[in-house]
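**Student:** Model the full structure from these sequences, guided by the hints.
Given next are the chains, with one letter for each unit.
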Amino acid sequence: DTGVSQNPRHKITKRGQNVTFRCDPISEHNRLYWYRQTLGQGPEFLTYFQNEAQLEKSRLLSDRFSAERPKGSFSTLEIQRTEQGDSAMYLCASSRGAGKADTQYFGPGTRLTVL
Amino acid sequence: SQQGEEDPQALSIQEGENATMNCSYKTSINNLQWYRQNSGRGLVHLILIRSNEREKHSGRLRVTLDTSKKSSSLLITASRAADTASYFCATVPGGADKIIFGKGTRLHILP
Numbered sequence: 001d002t003g004v005s006q007n008p009r010h011k012i013t014k015r016g017q018n019v020t021f022r023c024d025p026i027s028e029h030n031r032l033y034w035y036r037q038t039l040g041q042g043p044e045f046l047t048y049f050q051n052e053a054q055l056e057k058s059r060l061l062s063d064r065f066s067a068e069r070p071k072g073s074f075s076t077l078e079i080q081r082t083e084q085g086d087s088a089m090y091l092c093a094s095s096r097g098a099g100k101a102d103t104q105y106f107g108p109g110t111r112l113t114v115l
Numbered sequence: 001s002q003q004g005e006e007d008p009q010a011l012s013i014q015e016g017e018n019a020t021m022n023c024s025y026k027t028s029i030n031n032l033q034w035y036r037q038n039s040g041r042g043l044v045h046l047i048l049i050r051s052n053e054r055e056k057h058s059g060r061l062r063v064t065l066d067t068s069k070k071s072s073s074l075l076i077t078a079s080r081a082a083d084t085a086s087y088f089c090a091t092v093p094g095g096a097d098k099i100i101f102g103k104g105t106r107l108h109i110l111p
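Residue numbers (this note's numbering), protein chains in the order written: chain Z, 1 to 115; chain H, 1 to 111.
There's no promise every hint is true.
As a list, the in silico DSSO-like pairs of lysine-lysine whose alpha-carbon atoms are at most 27 Å apart [what the hints assert, rightly or not]:
{"#": "1", "chain 1": "Z", "residue 1": "Lys71", "chain 2": "H", "residue 2": "Lys98"}
{"#": "2", "chain 1": "Z", "residue 1": "Lys57", "chain 2": "H", "residue 2": "Lys103"}
{"#": "3", "chain 1": "H", "residue 1": "Lys69", "chain 2": "H", "residue 2": "Lys98"}
{"#": "4", "chain 1": "H", "residue 1": "Lys103", "chain 2": "H", "residue 2": "Lys26"}
{"#": "5", "chain 1": "H", "residue 1": "Lys103", "chain 2": "H", "residue 2": "Lys56"}
{"#": "6", "chain 1": "Z", "residue 1": "Lys11", "chain 2": "Z", "residue 2": "Lys71"}
{"#": "7", "chain 1": "Z", "residue 1": "Lys57", "chain 2": "H", "residue 2": "Lys26"}
{"#": "8", "chain 1": "H", "residue 1": "Lys98", "chain 2": "H", "residue 2": "Lys26"}
{"#": "9", "chain 1": "Z", "residue 1": "Lys57", "chain 2": "Z", "residue 2": "Lys11"}
{"#": "10", "chain 1": "Z", "residue 1": "Lys11", "chain 2": "H", "residue 2": "Lys103"}
{"#": "11", "chain 1": "Z", "residue 1": "Lys14", "chain 2": "Z", "residue 2": "Lys57"}
{"#": "12", "chain 1": "Z", "residue 1": "Lys57", "chain 2": "H", "residue 2": "Lys56"}
Don't read these hints as lab results, they were simulated from the structure.
**Tutor:** This is how it looks when you write it as C-alpha cells:
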C-alpha cells in the first residue's frame, strides 16, 4: 500500500495559464475525490468519481475546471485560464467505495500559486 | 459550503493535559468523522462515529455525538507534542455521498 500520491506537489503559474494535476489513488479503491483547501479553512468538496464515472460536481467547480478518471485508476484535474483566486491546496482522496461510512485516504496535495 | 463548525478555533495546552474540541453541524447526518492535518503527514482520518452511536474510543481519542444538539466533541487525553495539528470534523449528510469539512481547530501542545 503506497498510499495516495499527487503530482506535482507544488505548482507556480501565471494568471491565464492552464494547469493539470494528477492523482494516483490506492490501487483497489473505487472512489476518488477532489477537494480544495485555502489557508485557515477546511477542505471543500469539488467532485468525485466512482470508477470512471464522475458522479457529483460541486458548484465551486466552474467551467474552467474539469476532472477526468478515464480508466477508473488515476485522475487529472485541469484548471484553464487560471485566476489568482484559484491559488489553494488541491487535495485528492480515495476510498474503497463501500458506502457512506467509508474512510477516505488523502494524498499530500498539490499547492497551486497563481501569480 | 461548510456544515461543521469547530470550537475553539485555536487551543494551546501544556503537554500531558487533555484537549477538548467541539463541532456543531446543521443538518441530519449519516456519520461524523474527525481528521487531523499537520504539515508532515497531510490529512489523516482519526475516527468515525455513526449517527446511532453516542460515544467511541480509539487509543487516546474519545468522540461523543449528540444528534439532538447536532454536536460532537473530540477529547485527546494525555496530549503529546506530536498532537500539534489542525483537527477537522467532517460530516456525511444523510442524503449525500460526500464529506463536508468544518474550518478546524488549531491545537498547539506546549512543551
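**Student:** Please go over all the hints and tell whether each is borne out by the structure.
**Tutor:** Hints versus structure:
1. For the hint pairing Lys71/Z with Lys98/H, the CA-to-CA distance comes to about 22 Å; that is within 27 Å, so the pair holds.
2. For the hint pairing Lys57/Z with Lys103/H, the CA-to-CA distance comes to about 21 Å; that is within 27 Å, so the pair holds.
3. The straight-line distance between the Cα atoms of Lys69/H and Lys98/H is roughly 22 Å, inside the 27 Å bound, and the hint therefore holds.
4. For the proposed pair Lys103/H and Lys26/H, the alpha carbon gap of about 14 Å is at most 27 Å, so the pair holds.
5. At most 27 Å may separate the alpha-carbon atoms for a hinted pair to count; Lys103/H and Lys56/H meet this at roughly 22 Å.
6. Taking the CA atoms of Lys11/Z and Lys71/Z, the gap is about 25 Å. The hint holds against a cut of 27 Å.
7. In summary, the hint linking Lys57/Z to Lys26/H is supported, as the alpha carbons are separated by about 21 Å, within the 27 Å threshold.
8. Note on Lys98/H and Lys26/H: the hinted pairing holds, with a Cα-Cα distance of about 15 Å set against a maximum of 27 Å.
9. Of the supplied pair hints, the one linking Lys57/Z and Lys11/Z holds, its CA atoms being roughly 23 Å apart against a limit of 27 Å.
10. Only pairs whose Cα atoms come within 27 Å are accepted, and Lys11/Z paired with Lys103/H is accepted, the gap being roughly 24 Å.
11. Using a Cα cut-off of 27 Å, the hinted pair Lys14/Z and Lys57/Z holds, with the two alpha carbons roughly 26 Å apart.
12. For the given pair, Lys57/Z sits about 32 Å from Lys56/H by alpha-carbon distance, which is inconsistent with the 27 Å threshold.
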